[in-house]
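Okay, so the sequence shown: first residue is 1 according to the working numbering, each after it adds one.
Hints are computed from structural coordinates only; laboratory data are not their basis. Backbone N, C-alpha and C define an ideal beta-carbon position, used for all residues, glycine too. It cannot be assumed that every hint is accurate.
Taking CB as the label site, the calculated pair distances span [as the list claims (entries may be wrong)]: (1) 120 / 33: 20 to 26 Å; (2) 189 / 60: 42 to 48 Å; (3) 168 / 128: 46 to 52 Å; (4) 117 / 34: 35 to 41 Å; (5) 2 / 121: 21 to 27 Å.
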Amino acid sequence: MSSEKEKMLRGEMYDPTDKELYERRVLAHRLSYEYNNTLETEQEKQKQILDRLFPNHGKNLFLQAPVQVDYGCFTYLGDNFYANFNLVVLDTCPIRIGSNVYVGPNCTLATPLHPLNHMDRRIITREDGSCYDNEYGKPITIGNDCWIASNVVICAGVTIGDNCVIGAGSVVTRDIPSNSLAAGNPCRVIRKVE
């Protein structure tokens, strides 16, 4: 029988109130809070927090506080990753980001999804009176050498290829091929970039 974590990472319906998942979310939320309350001059303390929050990161990770992270341990960051203010990472499924990626302020990477059918979205009450909702997710992948401008939302199941620029205010709902300038709501390819 699969654990709720295994089901979650496979993109299957799972119980988000599972003890193991709950404890990891609480840890990530606490680490986000600690990071957000450090001074920019406390670089060693920031590095220690980020190493715990994102254990799967390459060299030269920098996030401009504040950040909000659901798990962190399901996000894989390449070398030279920079994110400006207000990054939100909802990693119920893996988020894989290549090297040399820059993310502007107020961006959201959201892998969670809820059922389209209204009956499947209803809160479920257990015999003990506790409740949960059905949730599942799809992974997000961002290639190498990408620039995600400000106020971008990247939705579950999206892959952005290498060498892409995603314009400000975009809502990325479908894959973007490598070497593309893309923008809009929904985001679409505007032209190729060299």
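How the hints compare with the structure:
1. 120 / 33: 20 to 26 Å: 33 Å, violated
2. 189 / 60: 42 to 48 Å: 29 Å, violated
3. 168 / 128: 46 to 52 Å: Given range 46 to 52 Å: holds, Cβ gap about 47 Å.
4. 117 / 34: 35 to 41 Å: 39 Å, holds
5. 2 / 121: 21 to 27 Å: Cβ of residue 2 to Cβ of residue 121: about 22 Å, so the range 21 to 27 Å holds.
Of the hints listed earlier, those the structure fails to meet are numbers 1, 2, in rising order.
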